[in-house]
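Chains A and B are the protein sequences, given in the same order.
Take 1 as the starting number for the first sequence in the UniProt record's numbering and just add one per residue.
Take 1 as the starting number for the second sequence in the UniProt record's numbering and just add one per residue.
In case anyone wonders, no lab produced these hints; they're calculated from the structure.
One should not assume that every hint holds.
Unchecked claim - Here are a few chain A residues that sit away from chain B, every Cβ distance over 10 Å (derived from the structure):
#1 T70
#2 W85
#3 V126
#4 V201
#5 H203
#6 R216
#7 R242
Unchecked claim - Far from chain B by the CB rule (all over 10 Å, computed), these chain A residues:
#8 G64
#9 A131
#10 G241
#11 G245
#12 E246
Claimed, not checked - Per the computed footprint, the stretches of chain A lying under chain B, defined by three or more beta-carbons under 8 Å from a beta-carbon of chain B, are:
#13 40–52
#14 86–93
#15 165–179
#16 255–261
We put the beta carbon where it would ideally sit given N, CA and C, even for glycine.
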Amino acid sequence: MKIFEEDATSTQISRPPAQADYLLDRLFRGLATACAWFLLIVVGLLLGVIGVKAVPAISEYHLGFLTGTTWDVNKQTFGILPEIWGTLYSSILALIIGGFFGVTMAIFLTQDFLPARLALVFRTIVELLAAIPSVVYGFWGIFVVIPAIRPIADWLNAEFGWIPFFGTTLSGPGMLPAALVLAIMILPTVAAVSQDAIRQVPHRIKEAAFGLGATRWEAILRVILPTASTGIFGALVLGFGRALGETMALAMLVGNSNQLSLSLFSPGNTLAALLALNFPEAGEHEVPVLMYAALVLLLITLAVNMVGTAIMTLTSSQMRTDK
Amino acid sequence: MNVPDPLLANNQTLGEIPSLKRSLLEPRGLFSTLLSGAAWLAAIIASVPLVSVLYGLIVRGGHRLSLEVLTELPPAGFEQGGGFGNAIVGTLVTVGIGALISIPFGILAAIFLGELEPDSRVAHVARFSAKTLTGLPSILAGVFAYAVVVMTTHTYSAPAAGVALALLMLPTVVLTAEEAMRTVPSNMKNAAYGMGCTRSQVVWKIVFPTALPGILTGVMLAVARAAGETAPLLFTALFSSYWFVENGKADLMTPIASLSVLIYNFSGMPYDNQIELAWTASLVLVMLVLLFNILARVLGRKKF
Numbered sequence: 001m002k003i004f005e006e007d008a009t010s011t012q013i014s015r016p017p018a019q020a021d022y023l024l025d026r027l028f029r030g031l032a033t034a035c036a037w038f039l040l041i042v043v044g045l046l047l048g049v050i051g052v053k054a055v056p057a058i059s060e061y062h063l064g065f066l067t068g069t070t071w072d073v074n075k076q077t078f079g080i081l082p083e084i085w086g087t088l089y090s091s092i093l094a095l096i097i098g099g100f101f102g103v104t105m106a107i108f109l110t111q112d113f114l115p116a117r118l119a120l121v122f123r124t125i126v127e128l129l130a131a132i133p134s135v136v137y138g139f140w141g142i143f144v145v146i147p148a149i150r151p152i153a154d155w156l157n158a159e160f161g162w163i164p165f166f167g168t169t170l171s172g173p174g175m176l177p178a179a180l181v182l183a184i185m186i187l188p189t190v191a192a193v194s195q196d197a198i199r200q201v202p203h204r205i206k207e208a209a210f211g212l213g214a215t216r217w218e219a220i221l222r223v224i225l226p227t228a229s230t231g232i233f234g235a236l237v238l239g240f241g242r243a244l245g246e247t248m249a250l251a252m253l254v255g256n257s258n259q260l261s262l263s264l265f266s267p268g269n270t271l272a273a274l275l276a277l278n279f280p281e282a283g284e285h286e287v288p289v290l291m292y293a294a295l296v297l298l299l300i301t302l303a304v305n306m307v308g309t310a311i312m313t314l315t316s317s318q319m320r321t322d323k
Numbered sequence: 001m002n003v004p005d006p007l008l009a010n011n012q013t014l015g016e017i018p019s020l021k022r023s024l025l026e027p028r029g030l031f032s033t034l035l036s037g038a039a040w041l042a043a044i045i046a047s048v049p050l051v052s053v054l055y056g057l058i059v060r061g062g063h064r065l066s067l068e069v070l071t072e073l074p075p076a077g078f079e080q081g082g083g084f085g086n087a088i089v090g091t092l093v094t095v096g097i098g099a100l101i102s103i104p105f106g107i108l109a110a111i112f113l114g115e116l117e118p119d120s121r122v123a124h125v126a127r128f129s130a131k132t133l134t135g136l137p138s139i140l141a142g143v144f145a146y147a148v149v150v151m152t153t154h155t156y157s158a159p160a161a162g163v164a165l166a167l168l169m170l171p172t173v174v175l176t177a178e179e180a181m182r183t184v185p186s187n188m189k190n191a192a193y194g195m196g197c198t199r200s201q202v203v204w205k206i207v208f209p210t211a212l213p214g215i216l217t218g219v220m221l222a223v224a225r226a227a228g229e230t231a232p233l234l235f236t237a238l239f240s241s242y243w244f245v246e247n248g249k250a251d252l253m254t255p256i257a258s259l260s261v262l263i264y265n266f267s268g269m270p271y272d273n274q275i276e277l278a279w280t281a282s283l284v285l286v287m288l289v290l291l292f293n294i295l296a297r298v299l300g301r302k303k304f
């Protein structure tokens with residue numbers, strides 16, 4: 001190897017670090033420390049910058065901004081209750097669908113249902129779902145998902161229109177197509193994090209369950225899932241956080257209509273979509289208002305993500321001490 | 001002598017123990033089989049979207065894929081033909097700026113977290129911040145870059161988009177690089193310390209080269225994610241229908257095109273030509289993203 005040849009030809013076989021080396025060492029370590037601090041500062045800066053830019057709007061609209069239901073640039077009235085509702089509603093719908101499939105996928109991939117090679121195929125499919133850009137999902141949603149679910153939606157509306165969830169017809173974009181695409185987008189997160197949680201369950205617990213005569217699903221439902229439940233809960237919280245902040249798929253599919261409705265087929269709006277659609281053409285007065293909306297979204301997602309991350313950190317350290 | 005046959009005695013008691021073999025028709029076994037079937041069904045349903053997206057991209061976008069589409073400017077209105085060459089360049093430029101900002105910062109922070117002081121309080125809080133940033137909605141990275149760069153420079157530009165993308169790439173780079181450095185065997189480091197190396201010499205000559213494949217994996221994943229981002233570009237890079245480099249001159253402080261924003265813009269247009277181009281652009285973008293994902297996998301293969 002080259003290093004050894006150099007050493008052999010140099011006059012000194014080895015030398016202790018020179019004063020300059022120590023100086024460099026100090027400098028380098030200082031720089032690395034600064035960069036680690038910078039990570040903290042970034043989170044602070046995010047809150048600080050968006051908060052400061054939102055101040056004019058906060059002092060003008062106060063908390064009434066959160067409960068107002070109109071968004072009218074000409075009349076200078078702004079309220080984001082429909083957007084908050086739309087964000088939560090679409091995310092909860094996505095969490096129900098994506099959470100169910102994500103956790104099932106995690107069980108399916110960890111509990112030896114498949115020969116190793118086939119498991120790899122499904123694992124790759126789930127991972128690739130995360131690699132598709134959200135704008136492509138949105139585009140696909142417009143041209144594939146909406147036409148596909150429209151007949152079902154029309155039928156549900158005709159037969160079960162008296163149930164508030166099916167109260168309107170699907171005129172194109174709407175809550176359901178948005179939530180479906182959102183569910184696909186959070187599925188990889190939920191599946192990956194749940195898999196980690198399930199893998200952390202010690203093997204002997206499962207073996208003990210089999211030893212007592214449990215069937216495969218009795219072992220999964222009564223032993224493995226309860227043991228991994230905190231981790232799976234963390235996965236769902238992280239998936240929920242993802243869904244809250246997801247922008248493009250919703251901006252393209254949710255319909256961007258400022259209304260409060262329980263119906264799955266009526267158009268709605270979300271905070272992220274509101275920002276995406278209004279920022280490019282925002283006037284002088286609208287920017288602080290949008291910053292206020294961004295601050296609300298930031299606070300909600302930061303809180304949800306911190307809870308999710310904290311749960312994950314707690315469970316992994318607990319499992320480590322258990323072993 | 002009439003010793004009782006031990007086997008016989010066993011057999012007699014065995015007769016009273018219920019058989020260990022389980023019938024598929026017994027309720028518990030049936031329940032288990034049904035659930036297994038349901039799990040299979042769910043897994044197959046979950047694979048439908050990916051198959052459908054890829055099918056759509058290849059069938060609807062594939063036939064327009066040509067050199068012309070990759071090198072021409074976007075068409076306006078009723079124009080036929082055209083392409084998205086400037087958007088490909090724009091995506092590479094914005095992601096490149098994001099990488100230039102986030103990679104040095106991320107790797108240095110990862111060195112601190114993985115090697116210098118992994119158990120200090122700063123490290124714990126920094127790691128937690130990085131994990132929280134992983135879940136930062138991409139649109140808010142855009143809002144931040146808008147507030148910091150666009151509002152101070154008074155123009156939409158590639159660097160503004162780069163700042164937003166850097167913010168989204170940072171946590172991936174930090175967390176994977178840290179993980180990679182932790183897998184470096186401590187024997188190697190101890191040997192170097194034993195020779196009298198300083199800590200930074202150990203980091204640069206032992207840890208960094210050994211962990212390099214893992215670090216590059218993180219970088220590739222971050223690049224793949226950034227290339228597909230749209231929301232933070234909508235109001236930092238905006239869009240441009242012209243080349244970034246025109247007549248040999250490039251003005252950094254002007255709006256710049258990107259593939260993802262082009263797809264978004266064209267998806268809402270009433271013209272068939274633009275819709276077709278959006279499918280083709282989606283195909284190109286997905287291929288670009290998958291390319292970086294595959295690179296990440298190839299690099300990330302365990303070498304030792």
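Structure-based check of each hint:
1. T70: Correct as stated: the minimum Cβ-Cβ distance to chain B is 22 Å, above 10 Å.
2. W85: A:W85 clear of chain B: closest Cβ-Cβ about 18 Å, beyond 10 Å.
3. V126: A:V126 is in fact no farther than 10 Å from some Cβ atom of chain B, at 7 Å.
4. V201: 18 Å, holds
5. H203: Given a closest Cβ separation of 20 Å, the condition holds.
6. R216: 5 Å, violated
7. R242: The assertion about A:R242 is violated, with a minimum of 6 Å to chain B.
8. G64: Per Cβ check, A:G64 is outside 10 Å of chain B; nearest 22 Å; holds.
9. A131: A:A131 is in fact no farther than 10 Å from some Cβ atom of chain B, at 5 Å.
10. G241: 5 Å, violated
11. G245: 2 Å, violated
12. E246: Violated: least Cβ distance 7 Å, not greater than 10 Å.
13. 40–52: holds (count 7)
14. 86–93: Three-residue rule not met by the region 86–93 of chain A, so violated; n is 0.
15. 165–179: violated (count 0)
16. 255–261: Violated - the region 255–261 of chain A has 0 residues with a Cβ nearer than 8 Å to chain B, which falls short of three.
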